[in-house]
Amino acid sequence: METLIVNTLLSLMVVAVVVLARTRNLFAVIVLFGLYSFLMATVMVALDAVDVAMTEAAVGAGISTVLMLGALHLCRSEEAKPAHKPWLPLAVTAATGLVLVYGTLELPAFSDPAAPIHTHVAPRYLEDGPRETGIPNVVTAVLASYRGFDTLGETTVVFTAGAGIIALLRRRRRNSRDGT
Amino acid sequence: MFAAAAGVLLVTLALALVRAARGPSVFDRLLATNTVGTCAVLLLAVIGFLTGRPEFLDLALVYGLLNVIGTVAVLKFFRYGNLGDPGPGEKPAP
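For the protein sequence lines, the chains are A and B, in the order given.
Read in order, the letters of the first sequence are residues 1 to 180 in the working numbering.
Read in order, the letters of the second sequence are residues 181 to 274 in the working numbering.
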């Protein structure tokens, strides 16, 4: 039953993407993006990736809708006709997609307990994590201790992006206030 | 029982997607997206009970909140033309 639900949701997402590509009204495109994100987040929950689903719902359906509406305020609401035929980009995209699908053929089956990802370092995290790091939560132990430098780099990226966005928005607001 | 509910919800999702794809006006699409969000919330709850792990109900609540925020943001943009509007008390809308 769960497989059926996931497959139906994925088919609906394909339909949504085709509709998205054919729509010329950018306001409708933003609304359809929100729809796509909700479907994607539901698939993530059905696949037990709850944190990814949370991020997808908050970023895809929440923040990026607002950001794209702000961008739409600065440009026209109708997409211009493309100057070239889309066949070459379409061929490149289809070829890349085929290569990616080919790459997934060698992957171990979904939730296979003998997959390499479950036999390499995961047992040590689960067995020795609380003793080595003193953190009772395994996810926190991996993120904050075993992959501490990785998390530090991610935090730096997020901080830089936030500082840049704040700088951009602040200048924009001052300009518009001078204009009125 | 839950399987039947999930099936009906998937049919509703498909119908809402048809409306979002064909909808002549923006409001049709907006309402369809709102319906998809509501269906996602319900589907999360049904999936939770279907698989015997209803502890993800919190996530459904977060989805409900996000759905309201997204719809209000889009509608506010449609009404005022931007998102930085000071509101009716301070200054008339442009």
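Honestly, the hints are just simulated from the structure, not real lab data.
Note that the Cβ used here is the ideal one computed from N, Cα and C, for glycine as well.
Watch out, some of these pointers could steer you wrong.
[As the list claims (entries may be wrong)] Here are some of the chain A residues that sit facing chain B, going by a computed Cβ distance under 10 Å: (1) N25; (2) A28; (3) G62; (4) G70; (5) A141.
[Claimed, not checked] Pulled a few chain A residues facing chain B out of the computed Cβ check, cut under 8 Å: (6) E2; (7) L39; (8) V45; (9) A49; (10) P89; (11) L143.
Against the structure, the hints:
no. : hint : verdict
1   : N25  : 7 Å, holds
2   : A28  : 5 Å, holds
3   : G62  : 5 Å, holds
4   : G70  : 6 Å, holds
5   : A141 : 21 Å, violated
6   : E2   : 6 Å, holds
7   : L39  : 7 Å, holds
8   : V45  : 6 Å, holds
9   : A49  : 11 Å, violated
10  : P89  : 23 Å, violated
11  : L143 : 20 Å, violated
In this structure, the hints that do not hold are numbers 5, 9, 10, 11, in rising order.
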